[in-house]
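Asks: Sequence:
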Amino acid sequence: MKAALIQLAGGSGAKAADIALACEKIREAAANGADLAILPEMFCCPYDNACFQAFGEESGGEAQTALSNLAKELGIYIVGGSVPELADGTVYNTSYVYGRAGQELARHRKVHLFDIDVAGGQRFFESDVLSPGDQITTFETEFGMMGLCICFDLRFEELSRCMALRGAKCIFVPAAFNMTTGPAHWELLFRQRAVDNQCFTVGVSPARNAAASYVAYGNSIAVDPWGTVLCRAGAEAEILYAQLDLDRVEAIRAQLPILSARRTDLYELREL
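Plus 5 on top of the position in the sequence shown (first one is 1) and you've got our numbering.
You can take every hint at face value.
List of simulated lysine to aspartate or glutamate pairs, DMTMM-like, C-alpha gap at most 25 Å:
| # | residue 1 | residue 2 |
| --- | --- | --- |
| 1 | K7 | D40 |
| 2 | K7 | E109 |
| 3 | K77 | E145 |
| 4 | K77 | E147 |
| 5 | K77 | E67 |
| 6 | K77 | E29 |
| 7 | K7 | D252 |
| 8 | K77 | E63 |
| 9 | K7 | E147 |
| 10 | K77 | E62 |
| 11 | K77 | E33 |
| 12 | K77 | D40 |
| 13 | K7 | E192 |
| 14 | K77 | E109 |
| 15 | K7 | E33 |
| 16 | K7 | D201 |
| 17 | K77 | E243 |
| 18 | K7 | D250 |
| 19 | K7 | E145 |
| 20 | K7 | E241 |
| 21 | K7 | E255 |
| 22 | K7 | E243 |
| 23 | K7 | E29 |
| 24 | K7 | E78 |
It is worth saying that the hints were derived from the structure and are not from the lab. Remember, predicted model here, so these are calculated numbers, not experimental data.
With these hints in hand, go ahead and build the complete structure from the sequences.
Replies: Okay, here's the thing in C-alpha cells:
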C-alpha cells in the first residue's frame, strides 16, 4: 500500500482556501500512485480554541463533502486529517475516512483531549471547547484492517493495543505535536507504538508556522513494525510517500510473538 503523508501549510483562517489546498495536494498524491492519502489534524482550521466552534461543521459539511467527492473521483482512500465536528450541542475533534467509492468508512472523535501545562513550555486545554469521543476506531480496506486515532490519543498504549488486537496492520494518526512535546516525544512515540503492537504507524502533522498561535512541530513520519523509520519530514510543507509492505506485520509477529504470547490469564482488555 502506497501512503501519501500530506504535511500541509494550512490553518490559514480561510477554510475554503485550506480545503482547496488539501484537495490539490491529494490530487498530486493520486497522480503519483498513492493508494491512500493522509491529512493533518485540524487541516482546515487554526489550531486554536477560539476557532473550533466557528470553523466547525455538522455531518455532511463542506470539508467532509469535498473529501468524499474527491475520494470517489480519484479512486483512493482518504484519511481526512481532522475537523471540528458540531454534533449533540457540542464540538468534537473528528477524523473521517473515505473509501475509493467516496463512502465514509470510519469516524473517530478524539478520545483523549489535549489538556497540558508544561512548566516553562506549552499550556493548552482542548477541554475548554471540545468534548471527548468514546470509541476505539478501526476500519476495513482491501489491504486489511487499519486503525485510527488523533494526536494525544497516541500517548495511551491501551488504545493502540486495542486496535492491534482487532487486527489493525497500520495505525494512522493525524496530529499536531508542538515545539515542546514534538522534539522530546514525537519519533519516540511512533516507534514505540509500532514496536509494542508490531504494526505500522503513520503520523501526519501540519507544517510549522512560527507565526501561528499554536506552532506545530511538523516532522510527519511513517514507521514499520520493527521500529524502523521509513520516512520523516522536516518543518516545511511537503508530501512524503511510504510503501507499506503489510506482509511484514505477520512476519514480525511470527519472529517475536508479543501479541500471541500475552498472558491473558493474568491480564485482559475488554470492550465495554
